[in-house]
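Each residue of the sequence shown is one higher than the one before, counting from 291 in the numbering used here.
Keep in mind that the hints were calculated from the coordinates and are not lab data.
Here the structure is a predicted model, which means the values were calculated and not measured.
SDA-like, lysine to any residue: derived pairs with alpha carbons at most 25 angstroms apart: (1) K378 / T320; (2) K350 / A364; (3) K350 / T366; (4) K524 / E431; (5) K350 / T331; (6) K412 / G441; (7) K524 / R497; (8) K412 / E390; (9) K403 / G429; (10) K403 / S479; (11) K378 / A316; (12) K403 / A389; (13) K412 / R508; (14) K524 / I399; (15) K350 / E382; (16) K524 / D482; (17) K403 / G518; (18) K403 / K524; (19) K412 / G384; (20) K378 / L346; (21) K378 / R317; (22) K378 / E359; (23) K412 / E382; (24) K378 / P360; (25) K378 / R310; (26) K350 / A375; (27) K403 / P478; (28) K403 / G428; (29) K350 / T321; (30) K524 / A464; (31) K403 / A463; (32) K378 / L319; (33) K524 / Y449; (34) K350 / A372; (35) K350 / R318; (36) K378 / G368; (37) K412 / P447.
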Amino acid sequence: MSVKRYAIREWPEGERPRERLVAEGARRLTTAELLAIVLRTGARGQSAVDLGRTLLGQWKGLAGLESAEPDALAETTGMGPAKIAQVKAALELGRRLLAEVEQVSRQRITSSKDVVELMAPKLRGLQVERCEVILFNGGNEIVGQEMLSEGSLTESPVYPRDILQWANRHHAAAVILVHNHPSGHPQPSAGDRALTEELVLAGDLLRIPLVDHVIIGRRDHYSFADRGLIEEYKRRPRRPA
Numbered sequence: 291m292s293v294k295r296y297a298i299r300e301w302p303e304g305e306r307p308r309e310r311l312v313a314e315g316a317r318r319l320t321t322a323e324l325l326a327i328v329l330r331t332g333a334r335g336q337s338a339v340d341l342g343r344t345l346l347g348q349w350k351g352l353a354g355l356e357s358a359e360p361d362a363l364a365e366t367t368g369m370g371p372a373k374i375a376q377v378k379a380a381l382e383l384g385r386r387l388l389a390e391v392e393q394v395s396r397q398r399i400t401s402s403k404d405v406v407e408l409m410a411p412k413l414r415g416l417q418v419e420r421c422e423v424i425l426f427n428g429g430n431e432i433v434g435q436e437m438l439s440e441g442s443l444t445e446s447p448v449y450p451r452d453i454l455q456w457a458n459r460h461h462a463a464a465v466i467l468v469h470n471h472p473s474g475h476p477q478p479s480a481g482d483r484a485l486t487e488e489l490v491l492a493g494d495l496l497r498i499p500l501v502d503h504v505i506i507g508r509r510d511h512y513s514f515a516d517r518g519l520i521e522e523y524k525r526r527p528r529r530p531a
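With these hints in hand, go ahead and build the complete structure from the sequences.
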């Protein structure tokens with residue numbers, strides 16, 4: 291792409307970083323373009339993308355930029371206190387995200403209580419039903435977590451094939467299904483029971499077992515494993531295809 295020295299607002303809409311991020315996703319943008327969105331404006335004779343490239347070149351990438359002192363950043367033309375604060379805040383958010391991901395990836399799940407401690411802050415109190423899957427390796431360590439669906443007040447459509455395909459892509463050894471009941475009552479519906487049984491049987495066939503299905507209510511939770519239902523479903527005769 292040719293270097294554009296004029297303001298981003300004068301670029302064709304399809305080339306502007308912010309519009310491209312919305313249309314194509316953040317991963318399609320270069321680091322300089324992402325930095326331009328944070329900076330918002332450039333300097334005299336430089337677009338925000340140009341300023342982003344300048345900073346990345348001066349500091350040898352994001353790691354150097356993160357470690358740079360504000361006074362040193364201020365020596366770059368166009369970098370005033372507001373821009374320095376914006377860049378530092380964005381880099382700190384990235385650092386904290388990485389720390390959260392690393393913490394979750396090391397976390398082990400050994401009981402439904404562990405599941406509730408992990409997921410209740412996200413699911414408890416939601417006004418719609420949301421279903422998530424937690425993926426594990428052979429050591430019960432979390433290797434992935436994904437929101438499968440978010441639905442209405444009473445239901446969130448989930449299909450066993452989607453869960454198992456996701457697990458297979460992440461080479462998971464086992465899965466736990468988690469969802470909330472906006473009503474606050476965690477007792478499973480007939481649909482919850484049918485989905486759990488279907489997932490137990492499908493998981494056994496694909497050697498990706500369902501360890502538990504936990505429903506989070508307002509004050510308490512329901513665990514299919516704690517009530518022995520996972521093992522019960524495994525023992526039931528398989529329905530003819």
